[in-house]
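Q: Those protein sequences? They're chains A and B, same order as listed.
The numbering of the first sequence is this note's numbering, which starts it at 247 and goes up by one.
The numbering of the second sequence is this note's numbering, which starts it at 247 and goes up by one.
Please note: incorrect hints may appear among the correct ones.
Claimed, not checked - Which bits of chain B does chain A cover? Going by a derived footprint, with three or more residues having C-beta under 8 Å, they are:
| hint | region |
| --- | --- |
| 1 | 252–259 |
| 2 | 281–293 |
| 3 | 508–517 |
To be verified - Sample of chain A residues lacking proximity to chain B, with all beta carbon distances greater than 12 Å (derived):
| hint | residue |
| --- | --- |
| 4 | Met285 |
| 5 | Leu288 |
| 6 | Gly303 |
| 7 | Trp311 |
| 8 | Thr317 |
| 9 | Arg326 |
| 10 | Ala343 |
| 11 | His345 |
| 12 | Thr347 |
| 13 | Gly390 |
| 14 | Thr403 |
| 15 | Gln546 |
| 16 | Phe547 |
Claimed, not checked - Residues from chain A that face chain B, not an exhaustive set, calculated with beta carbons under 8 Å:
| hint | residue |
| --- | --- |
| 17 | Val267 |
| 18 | Asp269 |
| 19 | Pro270 |
| 20 | Ala271 |
| 21 | Gly287 |
| 22 | Ala323 |
| 23 | Leu324 |
| 24 | Phe327 |
| 25 | Phe333 |
| 26 | Arg338 |
| 27 | Leu340 |
| 28 | Val344 |
| 29 | Arg348 |
| 30 | Arg351 |
| 31 | Asp432 |
No lab work stands behind these hints: they were computed from the structure.
Just so you know, even glycine gets a beta-carbon here, dropped at the ideal spot from N, CA and C.
Number of protein chains: 2
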Amino acid sequence: MDTVLAGGVGAARFLQGLVQVVDPASVTVVSNVADDVEMFGLHVSPDTDIVIYSLAGVVNPETGWGLEGDTFDVVDALRRFGYGRWFNLGDRDLATAVHRTRLLREGRPMHEIVAELTAAFGVASTILPVTNERVATHVLTSDGELDFQDYMVRLATEPNVTGVRFAGAGEAAPAPGVLHAIREADRLIVAPSNPFVSIGPILAVPGVREAVVESSARRIGISPIVGGQAIKGPAAKMLANLGHEVSAVGVAEIYRDLVDVMVIDDEDRALGPRIEALGLTCAVTNTMMTTPERKAALAQFLTTL
Amino acid sequence: MDTVLAGGVGAARFLQGLVQVVDPASVTVVSNVADDVEMFGLHVSPDTDIVIYSLAGVVNPETGWGLEGDTFDVVDALRRFGYGRWFNLGDRDLATAVHRTRLLREGRPMHEIVAELTAAFGVASTILPVTNERVATHVLTSDGELDFQDYMVRLATEPNVTGVRFAGAGEAAPAPGVLHAIREADRLIVAPSNPFVSIGPILAVPGVREAVVESSARRIGISPIVGGQAIKGPAAKMLANLGHEVSAVGVAEIYRDLVDVMVIDDEDRALGPRIEALGLTCAVTNTMMTTPERKAALAQFLTTL
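So here's chain A without its partners, still in its complex pose:
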């Protein structure tokens, strides 16, 4: 039993490797929902859908999000009604949002909806939204407090970040199955996602951080920072803005109570002793998931830790 705390693109790439080397049905994903957004009146769950599409083998391989070969006729047509065109939701991707929105309006809890979507895409792994409640990442910046997608997509992570707030997290409860999946896993993996806006809002749901700390699983984190840079997204910039070292060491410091092993890239081998000095085991391998083979090799490596 593997349980993976997952954000979007980086986590999804890792999961594509994991299901090549373990039984996909033995994998449970705890998915970030705090970048969910109401767009055109539709409920969009970017991180969860990236994971579903990736595990289903239908994700757009160039962007890492959305569906391969998708078209954009609906968002183009919506411009007529005054909507901005910055949120690039494909037509088939929008169909997922239409169905999810319908089920939400009917009162179905998100974990049931995600289970239904996962099954519809033929994915054998279990994907659990960390909570059924609405939690929303707000990014505090030099331009004021921004909704996450505003910061991430519309403003392309341009503003400097002074903090992150998870609106609603205090009142949220873990979705059914989440704490069990964390506590009872054989391996608990913190995917190579943004520590602040992907993993952070998962841990902010009351009970989740404690479950991770107390889990009897072998707990393994994978650094999303390689050679002082993020593979994708604003993780490096956020580390710097928020006063952390921009390196796998900076990430390990954030995760020191949450993982037993920190996996870093070959390129960062020299950082090993500093990570071990934090009381963590440091494991070094190629973490660049540029091909299916490399994704599988990284996952295979984790099974040896």
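Could you slot chain B onto chain A? The hints should help.
A: Structure of chain B alone, referenced to chain A:
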């Protein structure tokens, strides 16, 4: 000031002619909303949108509904979630439904929403949903009571009709402007639409039939039946099923309290005396709106009555 009671395709074709011969801004359309349907959790208003698209010059000219050149990626993708593929909503047409649904959820009344959509499509005429309340046509058939789109689209008008019921009509009120537009029009035109399921539910909203009866306008009906057949849709079959004569006379009998003049096609010229015997003026012209010129000629003819 022309006010037109309008269903879908036939009415829209007539309106395309009318706005060629009078100032489009002087035309008010009272639109049927009783074939509105919740599809995929989206609120679709087929008759109203057909009128908007037709007046905007963007309607699919082959079908008479939907948008010219539209694609169907979203409804195709929705099949994955178990939806039937019988309701053929194009991607750009769906964008209209997405926006309408969002505004409805925000509590905006339908007449404001339709005004916004009409403006977004650059249409100068006023389009008024007959009511802001939910009224739904149910078709009583040999197969039981059916939702209108079930009867019309899914079952392709196959079942025999024993009656029509407008759920919610008793509690509905005319939308702001509807009664005024009917009472104060110079011409009040009953478009060549289905008397039972297009014009019927307009008249079923409390106060509307009375306003038509009492209107000081020149009241003109156009027969949707030519040579014993409907130009489009199930009007002829419904007339037969419900015990009416399948002809312009059958239609005139239904409208006898509502119009002063009945316009029939050249082909039905021989029916003139029987319509006049009902106490109506009968006007004969070419009502086949097969070209823009013929649409304009029909409208021009009406301005002489």
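Q: Are the hints correct? Go through all of them and say.
A: Going through the hints against the structure:
no.: 1; hint: 252–259; result: violated (count 0)
no.: 2; hint: 281–293; result: holds (count 3)
no.: 3; hint: 508–517; result: violated (count 0)
no.: 4; hint: Met285; result: 10 Å, violated
no.: 5; hint: Leu288; result: 7 Å, violated
no.: 6; hint: Gly303; result: 14 Å, holds
no.: 7; hint: Trp311; result: 16 Å, holds
no.: 8; hint: Thr317; result: 5 Å, violated
no.: 9; hint: Arg326; result: 5 Å, violated
no.: 10; hint: Ala343; result: 10 Å, violated
no.: 11; hint: His345; result: 4 Å, violated
no.: 12; hint: Thr347; result: 6 Å, violated
no.: 13; hint: Gly390; result: 25 Å, holds
no.: 14; hint: Thr403; result: 27 Å, holds
no.: 15; hint: Gln546; result: 32 Å, holds
no.: 16; hint: Phe547; result: 35 Å, holds
no.: 17; hint: Val267; result: 28 Å, violated
no.: 18; hint: Asp269; result: 24 Å, violated
no.: 19; hint: Pro270; result: 19 Å, violated
no.: 20; hint: Ala271; result: 21 Å, violated
no.: 21; hint: Gly287; result: 3 Å, holds
no.: 22; hint: Ala323; result: 4 Å, holds
no.: 23; hint: Leu324; result: 5 Å, holds
no.: 24; hint: Phe327; result: 5 Å, holds
no.: 25; hint: Phe333; result: 13 Å, violated
no.: 26; hint: Arg338; result: 4 Å, holds
no.: 27; hint: Leu340; result: 6 Å, holds
no.: 28; hint: Val344; result: 5 Å, holds
no.: 29; hint: Arg348; result: 3 Å, holds
no.: 30; hint: Arg351; result: 6 Å, holds
no.: 31; hint: Asp432; result: 33 Å, violated
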